[in-house]
Amino acid sequence: MFFLRLAVLSILSHPRRSAVIAASVALSVMVMVFVEGMLGGLRVSFFENLLQGTGHLQIHAAGWQDRLDPYSISYLLRDPQGMIRRIERDLTVAPRLAGIEPMLQFGALLVNGDRNVAMVGQAVQPTTGFFANVRKNMLAGSFLPAGAMPGSRGVAISSDIARLLGLGLGDQVIVLVQDSSGSPYYLGYRVTGIFSTGVEQTDEDSFFIDLGEAQGLLDISHSASELRLTLKNPDEAATVARDLSALFSHEKPVLQSWRDIQSGLVSLINLGSIYATVIDVIIALVAATVITSSILMTIFERIPTFGTLRAIGLKRRQLFWILMEEGLVLGLAGSLLGMAVGLPLALYLQVHGLEIGAFSQVLGTSAAYYFVVTTKSALTVFAAGILIAALGYLYGASVSVRMRLLESLEQGA
Amino acid sequence: MPLIELQNAAKDYRLGDTIINAIRGVSLSVEPGELLSIVGPSGCGKTTLLNMMGCIDGPTRGKVLFGGSDVSVLSDAELADIRLHRIGFIFQTFNLVPVLSVRENVELPMVLARVAAGERRRSADALIETVGLARFRKHKPGELSGGQRQRVAIARALVNHPDIVIADEPTANLDSATGNDVLQVIKGLNEHEGVTFIFSTHNPAILRFASRLIRLKDGQLENGPEAS
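In order, the protein sequences belong to chains A and B.
Going by our numbering, the residue at position 249 of the first sequence is 249; the numbering climbs one at a time, nothing skipped.
The number in our numbering is simply the position in the second sequence, starting from 1, with 1000 added.
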């Protein structure tokens, strides 16, 4: 306690320099908490989009990867429900499974009078756990209303498409497809839901339809283009894929983990992490450099005092820790100050989001970007702030400790 | 056994290409209870000699024995322990820690010696009273006169009950009346408490306080290996 008091008193005896050191640490902590919150938001947003957009693992029919038309219905899983039952009974895979759904994607032309638009039909069960951004952003009606009779669940389209085709809720839209025999076929559906996610790719390319109705429309009863799995631990996707490959060794389906499907985004996230680390390191180095001159002045003008302390019995090791304690106290003060300003800002952006405009399309998120600050990331930044001051003190402390006792004393003479 | 023994101790300093022989083969011993004064003009090597005797600096040649142990073979930490427990220092420029109060300055060596807080306070207060600064125990060094600061330094030097107190020109920065006052305190502690003191001075007027005198000139004892 005595040395802590000595450290605090020494800090207070140089108020201006101490303020510069603490303010530099505080500023670094503020920037780091902002960067970490932004990156945290990017990661969470990525995993949410990933889960909603692709699941953690997809099972496609053999040969699917060779298709020329991405929405071809030539490569279908013929008995998806049977496969689901087998997966759910498998003792290796089932415990790691969080959910599994059949899905069907197909190309279609939506027609209303003389207006038409080519789109991707996303055929899902009305109770689907996927496409949360669509289900949560219904502007009118509901997403494939579950209470409606089969055959009357209609379609959900975006407000952009509704405007383009001149459609409103309850209006009929013609869905024209090429069925399983290769012939054009169409049916009329009511628009039962209008959504707006803010994500161009979803709003302008996709419409949603009940899986059973789509199977009827395409004349592919009981078939699906994929099984989409969510896992309790996404990192197990590769091992689960291996187990499923063994389970369906006869069918030889194509198995794709989220890392395969989202390789571009995974690279982007990894790159983002590297950038954030580089930014944090640069911030730490700049801050440590800025404060080092103040620290050195603070330390070096007290060399005679250190000489006296050593002359009366203080060991080099003890002197080193007195100085490091001083650095830690200043780092703590700076970190607390930085957190007091930076954390509320990051938490505000976690709740209200930050408008990122066109960049949202790159990330596949809505126009507002939400920060995510976890206890772990906040504590890491807090510790980094303390570390910056400690690093700054490290040099000064090691120089003063290495100095010969007589040399230290003579500086005061 | 002498407290301190110098056997043909010499100290050289390098100043650029020049070697300065600050101490040239001094042999002497200091017995317990002595009030030894080292006198000589400025630059004669008094401080260097005291630094060697106080384990602050080692000899270039010869030996310095403290309590019979050759200090040149001791580690830095062991020397720090000797300075902490067995030697008290009084510096010409007082060398108090400016941010600490009088009481805390006096407590400092006890903190290093890991003395319990209660005992620290009792011992410090008693010594502060002995040197006549009871009213100032909460003051900072900057709020004291030169004489008062030197009294604080004396209290600090004595607080761990050292075998010997080394004072380097303790009155040099004081006016003659205050210097006299400080020397009275030192003499009183030597006579009544049996504390061994070595102090250096270039002021012949204060030599009457010493029980033994050593004259130093150009790094050598003026009257042979050991003068009395």
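Think of the hints as simulated: they come from the structure by calculation, not from any bench.
Computed from a predicted model, the values in this text were never measured in an experiment.
There's no promise every hint is true.
Below, simulated DSSO-like cross-link-like pairs (lysine-lysine); rule was C-alpha separation at most 27 angstroms, straight line [what the hints assert, rightly or not]:
1. A:Lys252 to A:Lys232
2. B:Lys1217 to B:Lys1063
3. B:Lys1187 to B:Lys1217
4. A:Lys376 to A:Lys232
5. A:Lys315 to B:Lys1140
6. A:Lys315 to B:Lys1063
Results for each hint:
1. The straight-line distance between the Cα atoms of Lys252 of chain A and Lys232 of chain A is roughly 24 angstroms, inside the 27 angstroms bound, and the hint therefore holds.
2. A distance of roughly 20 angstroms separates the Cα atoms of Lys1217 of chain B and Lys1063 of chain B; the hinted pair therefore holds under the 27 angstroms criterion.
3. Pair hint Lys1187 of chain B plus Lys1217 of chain B holds up; C-alpha atoms about 25 angstroms apart against a cutoff of 27 angstroms.
4. Proposed proximity of Lys376 of chain A and Lys232 of chain A is supported: the alpha carbons are some 21 angstroms apart, at most 27 angstroms.
5. A C-alpha spacing of about 25 angstroms is found between Lys315 of chain A and Lys1140 of chain B, which places the hinted pair at or below 27 angstroms, so the restraint holds.
6. Straight-line distance between C-alpha atoms of Lys315 of chain A and Lys1063 of chain B comes to about 23 angstroms, which keeps the hinted pair within the 27 angstroms bound.
Checked against the numbered hints given earlier, the structure satisfies every one of them.
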